[in-house]
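S.K.: Sequence:
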Amino acid sequence: MRVQKILSLTAALLVFGQLALAAQKPITAIPDITGTWESARDPSAPPAQQIQLKPEYLQQKQALTQAISAATARGEPLATTTQRCLGDGMPGMMGGPFPMEILQSKGQVTIIQEAYTQVRRIYLDKPQKPVDEVEPGFFGRSVGHWEGGVLMVDTIGIKEDVLYRSNPHSSEMRIKEKIYYAPSGFLRDEVTIEDPVVLEKPYTYTVSYRRLPDYEMLEYVCEDNRYYVDEKGQQKLHLDAPVQK
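Using the numbering used here, the letters of the sequence shown map in sequence onto residues 1 to 245.
Simulated from the structure, these hints should not be mistaken for lab results. Owing to the predicted nature of the structure, the values given are computational and were not obtained by experimental measurement. By construction, the Cβ of each residue, glycine as well, lies at the ideal position given by its N, Cα and C atoms. Please note that the accuracy of each hint is not assured.
Once the Cα atoms are required to be at most 30 Å apart in a straight line, the calculated DSS-like pairs of lysine-lysine come out as [claimed, not checked]:
no., residue 1, residue 2
1, Lys61, Lys176
2, Lys106, Lys159
3, Lys201, Lys176
4, Lys176, Lys159
5, Lys54, Lys201
6, Lys176, Lys126
7, Lys61, Lys126
8, Lys178, Lys54
9, Lys106, Lys61
10, Lys178, Lys159
11, Lys201, Lys129
DEER-style ranges, computed between Cβ atoms [stated by the list, open to error]:
no., residue 1, residue 2, range
12, Ala67, Glu216, 36 to 46 Å
13, Tyr181, Lys159, 23 to 33 Å
14, Gly148, Thr204, 11 to 21 Å
15, Lys126, Ser170, 22 to 32 Å
16, Gly35, Thr204, 21 to 31 Å
17, Arg165, Arg211, 21 to 31 Å
18, Met152, Arg74, 39 to 49 Å
19, Gln104, Asp214, 13 to 23 Å
20, Gly137, Arg165, 18 to 28 Å
21, Lys126, Gly35, 20 to 30 Å
22, Tyr181, Ile68, 33 to 43 Å
23, Ser105, Glu133, 23 to 33 Å
Using the sequences and the hints, build the whole thing.
M.R.: Below, the structure written as structure tokens:
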């Protein structure tokens, strides 16, 4: 009887210990981020790091900035992606200012930006392909997985003419994201840009979002654009186009 009591007590202590360890483990449930969101200022978000371009690419950006300023001063502004009816692509589309919709489904997270109806797909629990096997595009190829409550995303294959804030990049650019709920209640996208060809070192910035519970995404079509691009790449106005209010 005494041996049985000792065995019973030992088993109870083992169960208690397992329960205690389980209670100490962090919550690993996948959060629900489905819904409509807009970029918002979160005072508690970490500050953005300074981008450091290698000298030749810094000169390239400065030359582009000067060309844009000079063309604007002449009254002949150079066309941007907006005048070309093209979306921002990655990573610009994640910054707003228009709302975006996130849809969680089995094996995929889909992000739809209202501006230009940009659609981005993050394939879950799939290996990333080599860069030279990905067809370059505006959004590249994104794969991700959940680590606890954080969606870890890796994106490659962004076309070299898809620029973020006029910063050049190479075909080797890699965008890493951590998407999660912050203690402040905001949804955050912590973005790290890596590009060994163009950057002196990787840099990180954070975009914060607040939920829009009652917002319905609107159609955004660029067919009524009053601007066009001439053979010199300059933005021109259709004088006979109706004025949009």
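S.K.: Would you mind marking each hint as holding or not holding in the structure?
M.R.: Do the hints match the structure? See the list:
For the hint pairing Lys61 with Lys176, the CA-to-CA distance comes to about 23 Å; that is within 30 Å, so the pair holds. Taking the CA atoms of Lys106 and Lys159, the gap is near 28 Å; set against the 30 Å cutoff, the hint holds. Between the alpha carbons of Lys201 and Lys176 the distance comes to roughly 14 Å, so the proposed pair stays at or under 30 Å and holds. Between Lys176 and Lys159 the alpha-carbon distance is near 16 Å, which keeps this suggested pair within the 30 Å criterion.
This hinted pair checks out: Lys54 and Lys201 have alpha carbons roughly 9 Å apart, not beyond 30 Å. Taken as a hint, the Lys176 and Lys126 pair is honoured in the structure, with Cα atoms around 15 Å apart against an allowance of 30 Å. With a CA separation close to 35 Å, the supplied pair Lys61 and Lys126 exceeds the 30 Å bound. Pair hint Lys178 plus Lys54 holds up; C-alpha atoms about 26 Å apart against a cutoff of 30 Å.
Distance hint between Lys106 and Lys61 is unfulfilled; the C-alpha atoms sit about 41 Å from each other, more than 30 Å. Restraint check for Lys178 and Lys159: the C-alpha separation of about 22 Å stays at or below 30 Å, so the hint holds. Between the alpha carbons of Lys201 and Lys129 the distance comes to roughly 23 Å, so the proposed pair stays at or under 30 Å and holds. In this structure the supplied range 36 to 46 Å holds for Ala67 paired with Glu216, their Cβ-Cβ distance being about 40 Å.
Between Tyr181 and Lys159 the beta carbons are some 32 Å apart, a value that agrees with the proposed interval 23 to 33 Å. In this structure the supplied range 11 to 21 Å holds for Gly148 paired with Thr204, their Cβ-Cβ distance being about 20 Å. Against the hinted window of 22 to 32 Å, the Cβ-Cβ separation of Lys126 and Ser170 comes to about 24 Å, which satisfies the hint. The given range of 21 to 31 Å is respected by Gly35 and Thr204, whose C-beta atoms sit roughly 25 Å from each other.
Taken as a hint, the range 21 to 31 Å holds for the pair Arg165 and Arg211, whose Cβ atoms sit roughly 26 Å apart. Between Met152 and Arg74 the beta carbon distance is about 47 Å. The supplied range of 39 to 49 Å therefore holds. A C-beta distance of roughly 19 Å is found between Gln104 and Asp214, which places it inside the suggested range of 13 to 23 Å. Between Gly137 and Arg165 the CB atoms are about 19 Å apart, so this pair conforms to the stated range of 18 to 28 Å.
Hint check: Lys126 to Gly35, Cβ distance near 24 Å, so the stated range 20 to 30 Å holds. In this structure, Tyr181 and Ile68 meet the distance hint of 33 to 43 Å, their C-beta atoms being roughly 38 Å apart. A beta carbon spacing of about 25 Å between Ser105 and Glu133 agrees with the range 23 to 33 Å that was offered as a hint.
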